[in-house]
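Colleague: Sequence:
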Amino acid sequence: MPTLADMIHPVTVDRFRAEVEGRAPLHIPAEGETGDARRALLDWDTFNGLLSQSSIWTHSTLQLVHSGNQLPAENYCAEVQTMSGPVVRPSPARVQVMMAMGATVIANDVGALTPGLRAICDTLSSTYAASVAANVYCSFKGVQGFGPHYDTHDVFAVQTEGEKIWRLYRNRESDPVDYPGEGEEVRRYLASACGPIMQEVRMRPGDVLYIPRGWYHDALAVDGPSLHVTLSVTPLYGRILFRLLESAAMQDPAFRAWLPPAAQDYGRPLAGQLADLGQRLATLAASPAFVQEIAMTQQRLMGRSSDYHLPERISLTRYSPTGLMPPAVRGPASVAMEWAMAQPRFVLEDMIAQFDFVPEADLRAAVEAAVKAGALKPVAGT
Numbered sequence: 001m002p003t004l005a006d007m008i009h010p011v012t013v014d015r016f017r018a019e020v021e022g023r024a025p026l027h028i029p030a031e032g033e034t035g036d037a038r039r040a041l042l043d044w045d046t047f048n049g050l051l052s053q054s055s056i057w058t059h060s061t062l063q064l065v066h067s068g069n070q071l072p073a074e075n076y077c078a079e080v081q082t083m084s085g086p087v088v089r090p091s092p093a094r095v096q097v098m099m100a101m102g103a104t105v106i107a108n109d110v111g112a113l114t115p116g117l118r119a120i121c122d123t124l125s126s127t128y129a130a131s132v133a134a135n136v137y138c139s140f141k142g143v144q145g146f147g148p149h150y151d152t153h154d155v156f157a158v159q160t161e162g163e164k165i166w167r168l169y170r171n172r173e174s175d176p177v178d179y180p181g182e183g184e185e186v187r188r189y190l191a192s193a194c195g196p197i198m199q200e201v202r203m204r205p206g207d208v209l210y211i212p213r214g215w216y217h218d219a220l221a222v223d224g225p226s227l228h229v230t231l232s233v234t235p236l237y238g239r240i241l242f243r244l245l246e247s248a249a250m251q252d253p254a255f256r257a258w259l260p261p262a263a264q265d266y267g268r269p270l271a272g273q274l275a276d277l278g279q280r281l282a283t284l285a286a287s288p289a290f291v292q293e294i295a296m297t298q299q300r301l302m303g304r305s306s307d308y309h310l311p312e313r314i315s316l317t318r319y320s321p322t323g324l325m326p327p328a329v330r331g332p333a334s335v336a337m338e339w340a341m342a343q344p345r346f347v348l349e350d351m352i353a354q355f356d357f358v359p360e361a362d363l364r365a366a367v368e369a370a371v372k373a374g375a376l377k378p379v380a381g382t
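Numbers 1 to 382, taken from full-length UniProt numbering, label the letters of the sequence shown in order.
Simulated from the structure, these hints should not be mistaken for laboratory data. Certain hints may be false.
Below are the EDC-like pairs computed for lysine to aspartate or glutamate, each with C-alpha atoms no more than 16 Å apart in a straight line [as the list claims (entries may be wrong)]:
1. 141 with 223
2. 141 with 31
3. 141 with 163
4. 141 with 161
Produce the complete structure using the sequences and hints provided.
Modeller: Right under this line is the structure:
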């Protein structure tokens with residue numbers, strides 16, 4: 001599997017983390033074998049093969065953009081009869097007509113469609129404890145897909161075919177988590193807010209461009225067709241606390257108690273109760289159990305690789321609780337072990353599949369420890 005070091009070579013990970021990450025854009029020209037590997041992430045033949053699998057695309061996953069405007073589905077989609085009934089899909093013939101007219105093709109959510117894309121998405125996801133999306137942009141000489149804009153995630157753009165000019169603007173939005181919307185009024189706002197051009201970067205095959213979230217940029221194909229992959233990295237941020245804290249806090253009766261009227265005793269009872277609730281929230285957020293909940297939520301973002309190896313099938317390992325207490329387990333694996341000990345019998349591989357937000361090695365270690373302690377016993381079965 002590729003690493004972050006492979007993605008940013010020859011820049012070192014230490015330098016990238018200390019000077020670049022989250023701070024400023026960085027153009028990383030292709031160099032040596034790592035540049036060749038990045039270029040091989042997606043070539044024209046592979047992309048053509050993906051596009052030709054017309055049944056996997058919808059108007060949401062295969063979009064066309066012209067002069068900053070997303071084309072409506074009726075411009076390039078058609079109804080197709082299938083065994084399950086009629087469905088609306090992009091029409092390869094109409095898509096090619098739109099491309100001939102200058103449209104940029106955006107293939108969204110392709111991170112699982114090739115081994116190379118899946119590997120780099122898995123790498124970035126585990127590195128940043130983040131959700132990672134891979135989108136492909138196919139554009140042609142002199143064609144601009146989007147005007148100046150910013151993203152709500154960090155971007156690693158990998159040029160794989162042709163060349164493209166990226167313009168990086170002076171201004172940056174501060175840690176945006178929501179986009180202002182669409183339409184001509186929004187485009188005018190973005191064009192005025194981006195500021196002057198700070199840097200122009202010519203991307204060649206194997207080059208990488210890192211852009212932190214909020215940084216204004218746009219891109220334009222030059223000298224022929226261009227193909228690049230955008231890897232969008234979105235870790236958790238503070239908003240997740242509101243959702244998780246609400247669920248955890250409501251287990252405490254203090255958060256279910258009525259609030260006194262603000263007019264009562266000049267608002268002092270209300271202020272006191274709110275202060276108490278605030279302290280309880282602070283204690284809850286700092287608790288090891290809540291940190292564990294955040295860790296499990298991060299792991300859910302990362303998921304687990306799902307490669308098939310047919311015709312081989314996995315071997316199943318069955319266990320049954322004996323009634324003895326298992327050793328204490330820390331971290332997210334404790335949730336899975338609580339489930340396992342409540343079953344009359346369970347299959348370890350099914351447990352691993354269900355609790356995909358827990359590292360597999362941790363689950364296997366917890367089960368092995370329980371077997372050694374006599375709390376679980378192997379069970380024969382088919």
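Colleague: State for each hint whether it applies.
Modeller: Results for each hint:
1. Proximity of residue 141 to residue 223 is assessed by CA-CA distance (about 5 Å); at most 16 Å being required, the pair is judged to hold.
2. For a cut-off of 16 Å, the pair hint linking residue 141 to residue 31 is broken: about 25 Å separates their Cα positions.
3. Of the pairs offered as hints, the one joining residue 141 and residue 163 holds, with about 9 Å between alpha carbons and a cut-off of 16 Å not exceeded.
4. Only pairs whose Cα atoms come within 16 Å are accepted, and residue 141 paired with residue 161 is accepted, the gap being roughly 13 Å.
In terms of the numbered hints stated before, the structure departs from hint 2 and from no other.
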